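S.K.: The primary structure of each chain is shown beneath.
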Amino acid sequence: MSKKMTIFDIPEEEAVWPGNPACQGCTGSIVGRLVYKALGRNSVRVEVASCAPGFMNIRVPSFYAPAFEGAGAFLTGLARGYKLINREDVTIAGLIGDGGTVDIGFQGLSAAAERNENIFWFTYDNEAYMNTGGQRSSATPRQARTTTTPISQVNRGKVEEKKNVPFIIALHRVPYVSTASVAYPEDLIAKTQYGKKLKGFKYMHIHSPCPTGWGVNPKDAIKVSRLSVESGLWPLYEILDGRQFRLTFKPKKLKPVSEALKLQGRFRHLSEKEIADIQERTEQNWNKLLALDGGEIC
Amino acid sequence: MKSEVMVGNKAVAYAAKLARVNLISAYPITPQTTIVQYLSEFVASNDLDAEFVNVEGEITAQLACMAGSIAGARAFTATSGPGLLYMHHALFGTARYRCPVVMAVANRGVRTMGPDHTDLMAQRDTGWIQMYCENNQEVIDTGIMAYRIGEDERVRLPVAYGLDGYVLSYTAEPVMIPDQGEVDEFLPPFKSLYPVLPEDFDKEIEDYKRHWGEGRSIDEHFTPYPADENYSHLTMVKWGAGHDLQWRWRAHQEALTRAKQVIKEIDEEYGRRFGRSYGGLVDEYRCDDAEVVLVAMGTIASTARVAIDNMCKEGKSIGLVKLKTIRPFPAEEFQRIGRGVKAIGVLDRNISLGEGGVAYNSIRSAMYGLEERPLVCGFHIGLAGNEVRVKNIERIGNKTLKAASTMKCEPPVTWV
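Sequence lines, in order, name chains A and B. 298 is the number that the working numbering gives the last residue of the first sequence; the numbers go up by one with no jumps. 1416 is the number that the working numbering gives the last residue of the second sequence; the numbers go up by one with no jumps.
One chain only, chain B, in its complex shape (with noise of 0.2 Å):
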């Protein structure tokens, strides 16, 4: 394992290029641009072996990657913002085809420049896995198991990861990089499990049909994802109910739920191996026997755990949580940790207009179904690429223990 200084793109990069994915396929955008430029330059040196495809837009480097992995390629993508924005339409088709496509999201605004979870939070029901990073090294970490992730048996489905735009993108940290033969332990080859040889065409239709004349279910086994509507006049299903059944909806929501035991145990695995790791789903900091938790995500969580530290100094009960997957959500983690505090301050970088914070209101959400339930107080902080200081956290903290001592959070909501 060797070590360099390097910006969270660069690592977003090397990440893929660990991954030996093979099909890469993006537009740029900043500030997430130097990652395609990287990557160009492993392919160009003959470092990674890949298809490249420049294509004219987001929309279009997603499909690339949805069907290139339909056909058996490791696909990776990555955009920014806007871009996000326009890609949004074809996040739904690979997830709905159960393709195990990784995207780096360099975490933008969606109305400025700067660094904000809204442009990814606003993805959140497209049934795309979804991690945020703190730290340049959690980057390409992530990037590593972004791919064991999706394509885990159980879950088959596309990943994105976050790192904040300008704050990680383009600042240099130092950075251990894995060695490729302990990734390659780490992370087997891809293989689709869609019928895609037309000399099997026969044998699988011929399977498909059997599969629903006998009057099988989704929960017996049935080994490829086929894309229904084409296949409909030959199972008799409607074509309109046959278009898009809601046993697809399901399959989907369950593997999504699968996915929150194969996140944790991959974490754990990539820690045995490579001596770092997350907690998967939320990771807790200085929580054991604390009052009162912070909530934060991205690189938030990296400057809450100074004022965290700092405030531990002066005697306060006070712990973090960074919550690394928001998709699937992990609900049952949250309401852990609530049955043992008596206050919960969530600090969200993003915003679903006319609810509030995402962050906020799914672990609101979580706290219903425990008996006692600790209080929730929510933060704006850091939108549009706001700064946020340590001093801006250790004020959250004040406010979420004396919500916690005087059991009243008022108001609910604060714009930082």
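Pulled out of the complex, with its shape left as it was, chain A reads as follows (with noise of 0.2 Å):
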């Protein structure tokens, strides 16, 4: 399992040249700056369609995957051709949205995690489709507004759950699946550095709020992502060889959820009684996250 870390520990060395035209407060390049800080420059990147290939300035050699649903097949054929110039040492890494992982790349994706091909998929999740103006993803959450869930009188934001993209990984009982946040460095460097030492397939999924989407101001998309993990709405953890679980962020008490959600403009609708709804979900979700926490998942 990872170590903890702290700050100290972070590399100095950069992988990205500095200044990119993401939007104002963008946390996917900063997902980009952290994964490939803590790779080092020793990697290779695939990017499908998102937000991503616009703006990332990474050190690396770099491919742009001609498919949006296609980055586990131009994963895995870039780890067995590197494995056939004799050069394993390469780690062959991706940075996916949501899309390209949760929904159109899923199949790819699962097939990958399957055949335990020696990769890691990093899924920057801004939990809709941001590069095409915010269209719901099944990585949404419940009543969060999106342009293609609306609010109205007779609507109140996305219907379904979010999917559980991480605990579908991990039964596929790969080497190393893990959750982290823009607003825990130290926790997702940790994390990176640990599955990069393993073989076979590593998973680490990234919340990654969007400014623009989700209606942050943009000094804020921090500090929101760093709500969602104190109150439950994301927690930090990871999970072995498909089994063994760790919560590796423990706060003693939950905050509210309201606080990271009343800074967020998809859920200015919500009324006091659906928030209180997300709060007791989150609890339930939590306490049973506590439960396995040290444990198997199944």
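Think of the hints as simulated: they come from the structure by calculation, not from any bench. Among these hints, one or two may not hold up.
As the list claims (entries may be wrong) - Straight-line Cα separation of at most 30 Å, DSBU-like style, residue types lysine-lysine; simulated pairs:
(1) A:K196 to A:K163
(2) A:K196 to B:K1191
(3) A:K4 to A:K253
(4) A:K83 to B:K1203
(5) B:K1191 to A:K83
As the list claims (entries may be wrong) - Stretch by stretch, here's where chain A covers chain B in the computed footprint (C-beta under 8 Å, at least three residues):
(6) 1017-1029
(7) 1042-1054
(8) 1086-1098
To be verified - Residues from chain B that keep clear of chain A, each with C-beta distances beyond 10 Å, as calculated:
(9) R1124
(10) P1174
(11) K1399
(12) V1413
Here the structure is a predicted model, which is why all the values come from computation and not from measurement. Beta carbons are placed, not taken as given, at the ideal position from N, Cα and C, and that holds for glycine.
Build the complex from these two chains, which are given one at a time in their own frames, with help from the hints.
M.R.: This is the structure we're talking about:
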């Protein structure tokens, strides 16, 4: 399991060039910076259709998989190809959005996980199709407003629950699955460096607020992510060998979810009752995870 | 060189093995399935040292080959009919990244199971080289040549070769298997042109920036084929415009055009080394001084040879042009042939709905540049796996001869 890290343990060398044309407050670009800081420059990057190919200035060989659904297979091909040229030391990593992971790319992701390909998949999850203007994805949380789940008298945002992809991937029994948040860079880097050393399929699901799409003040993007973790909306954990579960952040007492929700325009329509409902579900989920902590998922 | 009686799918597998492919990724579909099984057996028995990726669908099969080829693998895949349609999206990428992946297609109808060229013909705009085979010997030889053609420095493009489903894929014929040593001499190991090593990244990017900074162009030698969109912010190319620059399309078109000469050269060299060649782009049979010629592809060409022999025996002046390579389209070859004949009858086992037979329309278009044009008569035959008999082709031959003597082809297109 990953070791606890402090801010002083974060590598100094940057793998990104300064400056990028992302939106103000974009946490996706921070994810890219942190992930490649942790992986180091002896790695390659794969992206599919998402915001990332437009703004990422990462100094490693970079490939744009020319099919949205193809990240899993493209990463697979690279991993096998680098093996054939005797360069298994190079980390084959993908920086994929939530659409490319949980929806259109899901079949290829599941297949690559099932084959236990030697790759590291990073999902920067901004909980909707932000590159095309914020349409719902199956990673969008319940009741969030998106451009395809608008709020009206009869519509209260997305009806369905967020798809729990980290657990689904864990049930493929892969060596390493974790969640992370841009607000916790030490945790993210520690998990990345731990996963990098393992052979086989590694997966990290990263909370990555999109100020533009979520209606968040750009200066509050990190705050929203931090409050989401502190309130139990986004638990940080890791799952080893698809079984052993461990929470990597356990506050003594959860903050109320309203603190995180009220900063987000996409939840502005929520009534007190609806917020109380989310609070209750979040606590139930948190208690389930607490019960699992240190044990096996199933 | 030894010989063995084998089905077309086994010939495909042998070709891949002899070419020493080291990355195979494919998804089973009738009538291609046994290709994957034969290759699995080769890998399992250590006769072939290759990475075998059992993917979950055809798009991913193609993408795994594409990415593997970028890194330096000699990649192979095979599919058929609906599987090929599912792969369509990824085919553009493989060609765009100039990855010399080779793919065998057991041609199958897109609406039925029978043999039909519409599946591969529907991919003709994806930027791949496309070849068709008429017997299992040609399958194994084309499968080996395909890598030499695709990996040639003047080309660097993926190659698809078709074998008619069932008629070849599941039918056994005697096949001469080339010696591994001779194939190794013919086909040197593959090396990717991509900058894939992380330690070279800074140098590569400087070269790339310098190239554009100095205002150099596509016509000047320029080593790698970087994925522009990833470097566009460095080279100050606008993201939208830099995403897929028009010059990339031009470079691709020029490479496909150069491939015409390369295919002919490599086919001749194969003939010198192994004693068998297939004309490269087109194969002409009894065309000398023929008044009319028929054009056919795949196994129909094989049936047509018998019909042509019968008709020549009757004293009729008719020859056969087998259209082996349809992308790049051998327009110049057809112009040369067109100058010497009065009529051309084109047999299409494919259809571009709303226009008609693909070969028919392309050949007619090529004739437009001639001052004196022959008549071009179109025939739809064998679609959806309809059986094609010698007598059908004789009837087509007679109709074309009649068109030549009356200088009229009525109707211009016939459903046989």
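S.K.: With a cut-off of 30 Å on the C-alpha distance, tell me whether K83 (chain A) and K1203 (chain B) pass.
M.R.: holds (23 Å)
S.K.: Taking 8 Å as the C-beta cutoff, is the stated coverage of the segment 1042-1054 of chain B by chain A satisfied by three or more residues?
M.R.: holds (count 3)
S.K.: Since K1399 (chain B) was said not to touch the interface, does its Cβ keep a gap of more than 10 Å from each Cβ of chain A?
M.R.: holds (45 Å)
S.K.: Per the stated criterion, does the least C-beta distance between R1124 (chain B) and chain A lie above 10 Å, as a non-interface residue requires?
M.R.: Correct as stated: the minimum Cβ-Cβ distance to chain A is 19 Å, above 10 Å.
S.K.: Check the hint pairing K4 (chain A) with K253 (chain A) against an upper bound of 30 Å on the C-alpha distance.
M.R.: Distance of about 20 Å is within 30 Å: holds.
S.K.: When you check the alpha-carbon spacing of K196 (chain A) and K163 (chain A), does it fall within 30 Å?
M.R.: Measuring from Cα to Cα gives roughly 26 Å; hence the hint holds.
S.K.: Go check the segment 1017-1029 of chain B versus chain A for me, would you? Three or more residues, Cβ under 8 Å, otherwise it fails.
M.R.: holds (count 3)
S.K.: So V1413 (chain B) supposedly isn't at the interface. Is its beta-carbon more than 10 Å from every beta-carbon in chain A?
M.R.: holds (36 Å)
S.K.: Is the listed coverage of the segment 1086-1098 of chain B by chain A valid when you require three or more residues with a beta carbon under 8 Å from a beta carbon of that chain?
M.R.: holds (count 6)
S.K.: Could you grab the alpha-carbon distance between K196 (chain A) and K1191 (chain B) and see if it respects the 30 Å cut-off?
M.R.: Holds: K196 (chain A) and K1191 (chain B) sit about 28 Å apart, inside 30 Å.
S.K.: Is the Cβ of P1174 (chain B) more than 10 Å away from each Cβ in chain A?
M.R.: holds (34 Å)
S.K.: For K1191 (chain B) and K83 (chain A), compute the direct alpha-carbon distance and say whether it is at most 30 Å.
M.R.: holds (14 Å)
Of the numbered hints given earlier, the model fails none.
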